[in-house]
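K.L.:
The listed protein sequences derive, respectively, from chains A and B. Mapping of the first sequence onto full-length UniProt numbering: residues 1 to 273, in sequence order. Mapping of the second sequence onto full-length UniProt numbering: residues 1 to 273, in sequence order.
Keep in mind that the hints were calculated from the coordinates and are not lab data. Keep in mind that the hints are not guaranteed to be accurate.
[As the list claims (entries may be wrong)] Listed below are the simulated DSS-like cross-link pairs for lysine-lysine, each with C-alpha atoms no more than 30 Å apart in a straight line:
#: 1; chain 1: A; residue 1: Lys63; chain 2: A; residue 2: Lys84
#: 2; chain 1: B; residue 1: Lys100; chain 2: A; residue 2: Lys77
#: 3; chain 1: B; residue 1: Lys199; chain 2: A; residue 2: Lys45
#: 4; chain 1: A; residue 1: Lys105; chain 2: B; residue 2: Lys84
A quick note: this is a predicted structure, and the numbers were derived from the prediction, not measured.
Protein chains: 2
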Amino acid sequence: MHSRTVFFVSDGTGITAETFGNAILAQFELVPRRVRLPFVDTVDKAHQAVRQINHTAELEGKKPIVFTTLVNMEVLKVIQDGCKGMLLDMFGTFVHPLEKELGIKSHHRVGRFSDVSRSKEYTDRIEAINFSLAHDDGQSHRDLAGADVILVGVSRSGKTPTSLYLAMQHGLKAANYPLIPEDFDRRQLPPALMEFRKKIFGLTISPERLSEIRSERRPDSRYASLENCRHEVAEAEAMMRRAGIRWLSTTTKSIEEIATTILQELQPDRLVY
Amino acid sequence: MHSRTVFFVSDGTGITAETFGNAILAQFELVPRRVRLPFVDTVDKAHQAVRQINHTAELEGKKPIVFTTLVNMEVLKVIQDGCKGMLLDMFGTFVHPLEKELGIKSHHRVGRFSDVSRSKEYTDRIEAINFSLAHDDGQSHRDLAGADVILVGVSRSGKTPTSLYLAMQHGLKAANYPLIPEDFDRRQLPPALMEFRKKIFGLTISPERLSEIRSERRPDSRYASLENCRHEVAEAEAMMRRAGIRWLSTTTKSIEEIATTILQELQPDRLVY
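Produce the complete structure using the sequences and hints provided.
P.N.:
In structure tokens, the structure reads:
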């Protein structure tokens, strides 16, 4: 049984309300029921949201928690006046003190992504996603010069999800390149990459975890065997050390943590900050 | 010239601090310089952050804006006591009132993604990314029954980035399938999809915008010509209407907005909320 209902109310997609609310809820031992109310951008829809929240309050006999990122003051007022939940209003709380400090007024414009959907930043991001897809798993050597980051590592060390995350979240063109037995025999990074050393970042992983992951795909194969994984990982790590490239172990890291570390280490030019 | 420096200080990746801070900054006409300070998880690193913030304050003669999501109280205290910036403390502001309402204490544990990096939710998300990649652009008919969502639409209508976003952000297995001239001749959805009608969602786009996008890839081709785009879009829309599937136009929408709308319409079972 959930112990509380939590609403995320936004005039846009609600992604900020959710990120913000979930981060705060993660501080509590709580199994909430979550309800997303995006696109609440008219007074009518606000009244509807209030009805839904208050209905839940009555049914459960407990105040629902309501995270909002509403910027339309009329809409927000309907929620403030009518809602029987506990209102945690992210914009109201921080925008007013900021107005004072900055000495300018906020424009209360809904953070519609549509405004940006034809902006340079947005089209760059879509282009980065397409680039990363086209350069997944060493598929293409073309235009590696255009990459912001080139990830290398053995098969299933986390390169693909990390590349796509870097593209989607940070708009970086992230190619990725597998390290394979031929490279180990030659004891050198793949020749196509040599000239781009500065933007190469290596991913490694513990052989035990690698064997687990590979076994899900190809059980009982030599590819997934612990012995082979130990060999590949040792060879790959030795090669990355010799080549003097930066690398990290993904074993206990999420793609978000891996990506944040890569950004700190490589400081790609294209990233504005 | 930037008018203000903004710091994002976090004991984790800082993604929440950034999402939260950027959403608030979007309310102001302001060109800030942004500085990310992730992984500030010791008192030492907190002192370092304070030095960096105060150095900026002196240099610029203006208070830097400091968004924090620090949960470690010792670390937060160093910032609170020493920092000459304007502190906007998301956790402190909302966690304490919530403790009262819920009648439980928060555990002040850093929202490390590592905690979740081996959780079911996280591995499901990685699996969803792999699924969406393997089922991009109708590459595979295998296991379409396992998909949570199947996107259809003409080439370059936004299917691929939307699928990857649904997988990465929401952990949904999103396949996508192009509508091609053969389908238009047959006047029916691709046969492989017929049995999955309930989870199909269509994307369309204005012929003018489509022609622009296609022209970037293949200038002066029949594929990109406005005439051909008009024909394909009209056929695709007619087919979606006939098939009775839900669809939307992506012309002025971002992938975040498209994804939010799809979730609202399809309400996939696997999405917890």
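K.L.:
Please go over all the hints and tell whether each is borne out by the structure.
P.N.:
Going through the hints against the structure:
no., hint, result
1, Lys63/A with Lys84/A, "holds (7 Å)"
2, Lys100/B with Lys77/A, "holds (24 Å)"
3, Lys199/B with Lys45/A, "holds (27 Å)"
4, Lys105/A with Lys84/B, "holds (23 Å)"
Of the numbered hints listed earlier, not one is contradicted by the structure.
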